[in-house]
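Asks: Throw the hints in and build the complete structure from the sequences for me.
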Amino acid sequence: MRGPSNNTMMAFKRGFLRSLLLSLQSSKATMSLEERKRAVKSSADVAMATARGVAGARWPQAILSSSSSSSPSRMQAKVKRCKNIVRRCCHKRRRDGNNGTSFFARTALNRSSTEVARRLVKKRTKVLRRMIPGGDLLDEISLLHEAMDYVVHLHAEVDVLRLVSKALQRSTTSGLFHAF
Amino acid sequence: MSSRRGRITDEEINELISKLQALLPESSRSRSASRSSASKLLKETCSYIKSLHREVDDLSDRLSELMSTMDNNSPQAEIIRSLLR
Numbered sequence: 001m002r003g004p005s006n007n008t009m010m011a012f013k014r015g016f017l018r019s020l021l022l023s024l025q026s027s028k029a030t031m032s033l034e035e036r037k038r039a040v041k042s043s044a045d046v047a048m049a050t051a052r053g054v055a056g057a058r059w060p061q062a063i064l065s066s067s068s069s070s071s072p073s074r075m076q077a078k079v080k081r082c083k084n085i086v087r088r089c090c091h092k093r094r095r096d097g098n099n100g101t102s103f104f105a106r107t108a109l110n111r112s113s114t115e116v117a118r119r120l121v122k123k124r125t126k127v128l129r130r131m132i133p134g135g136d137l138l139d140e141i142s143l144l145h146e147a148m149d150y151v152v153h154l155h156a157e158v159d160v161l162r163l164v165s166k167a168l169q170r171s172t173t174s175g176l177f178h179a180f
Numbered sequence: 001m002s003s004r005r006g007r008i009t010d011e012e013i014n015e016l017i018s019k020l021q022a023l024l025p026e027s028s029r030s031r032s033a034s035r036s037s038a039s040k041l042l043k044e045t046c047s048y049i050k051s052l053h054r055e056v057d058d059l060s061d062r063l064s065e066l067m068s069t070m071d072n073n074s075p076q077a078e079i080i081r082s083l084l085r
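Listed in order, the protein sequences are those of chains A and B.
With the UniProt record's numbering, the residue at position 56 of the first sequence is 56, and numbering never jumps.
With the UniProt record's numbering, the residue at position 56 of the second sequence is 56, and numbering never jumps.
No lab work stands behind these hints: they were computed from the structure.
The beta carbon of each residue, even a glycine, is placed where N, CA and C say it ideally should be.
Treat the hints with care, since some could be wrong.
Here are the computed lysine-lysine pairs in the DSBU-like style, where the Cα-Cα straight-line distance is at most 35 Å [stated by the list, open to error]:
1) K28/A <-> K40/B
2) K126/A <-> K50/B
3) K19/B <-> K43/B
4) K40/B <-> K122/A
Footprint (simulated), chain A over chain B, 3 or more residues, beta carbon under 8 Å [stated by the list, open to error]:
5) 10–21
6) 38–47
7) 55–66
Replies: Structure representation (structure tokens):
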């Protein structure tokens, strides 16, 4: 198991910045602030997924699929949820030769597992699934790998966004000074 | 991803756990016994992701506000264009 190298992350940051700026540039010049906020957020999401690429992780594809589809009708969403539930049941049946106890409960970490601890782990795993795009479909081990990958890239996204804000801010301030 | 079948050794699990832990912010890392660390780790991961999401949101909002004050001929637009070259 290796995390992404420094070079990979630099390439990601560059790719992210490029995609982000391109989509910002092509956004409508006149927007309400609220519209622009939404546009920037979705541009950042898509840029992050695009720059990461779909190899080796699920979350980029999950972001791209959900952003490209127009808001699904309630019926479609319901169908999707049912499909996910069925898929999860199948997954569970396939990988659970252990009487339904979760991966975490079986590990050395939880050998002292009380019922409470087990329930807590289950609950928190569910929460983690929700936070990671596409997390619903993953088994627990893949979820952890996915979480690591996602965290690393989120961190890089924050770095780049900070840089861009700072650059813009500095120029805005100096612009104001020059006006005087 | 889900093709990772077969026996997962305790060692692999521990390696996974510690790698994840290494990614989390320094302050939340604890050297205490591994007793509770499964659920603790999950909790810390969730809250870290949540705080990263929040930061992205804040920064995006800041960016939107800064962009709103720009027009096409301003120096800021030039900066953006130059970043793209």
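Asks: If a hint holds in the structure, say so; if it does not, say that too.
Replies: Here is what the structure says about each hint:
Proposed proximity of K28/A and K40/B is contradicted: the alpha carbons are some 45 Å apart, above 35 Å. Distance check on the hinted pair: K126/A and K50/B sit about 14 Å apart at the alpha-carbon level, within 35 Å; holds. A C-alpha spacing of about 15 Å is found between K19/B and K43/B, which places the hinted pair at or below 35 Å, so the restraint holds. A C-alpha spacing of about 12 Å is found between K40/B and K122/A, which places the hinted pair at or below 35 Å, so the restraint holds.
Counting residues of the stretch 10–21 of chain B whose beta-carbon sits less than 8 Å from any beta-carbon of chain A gives 8, enough to reach three: the coverage restraint holds. Given as covered by chain A, the stretch 38–47 of chain B passes the check, having 6 residues with a CB less than 8 Å from a CB of that chain where 3 are the minimum. With 11 residues bearing a CB less than 8 Å from a CB of chain A, the stretch 55–66 of chain B meets the requirement of three and the coverage assertion stands.
Against the hints set out earlier in the document, a violation occurs for number 1 only.
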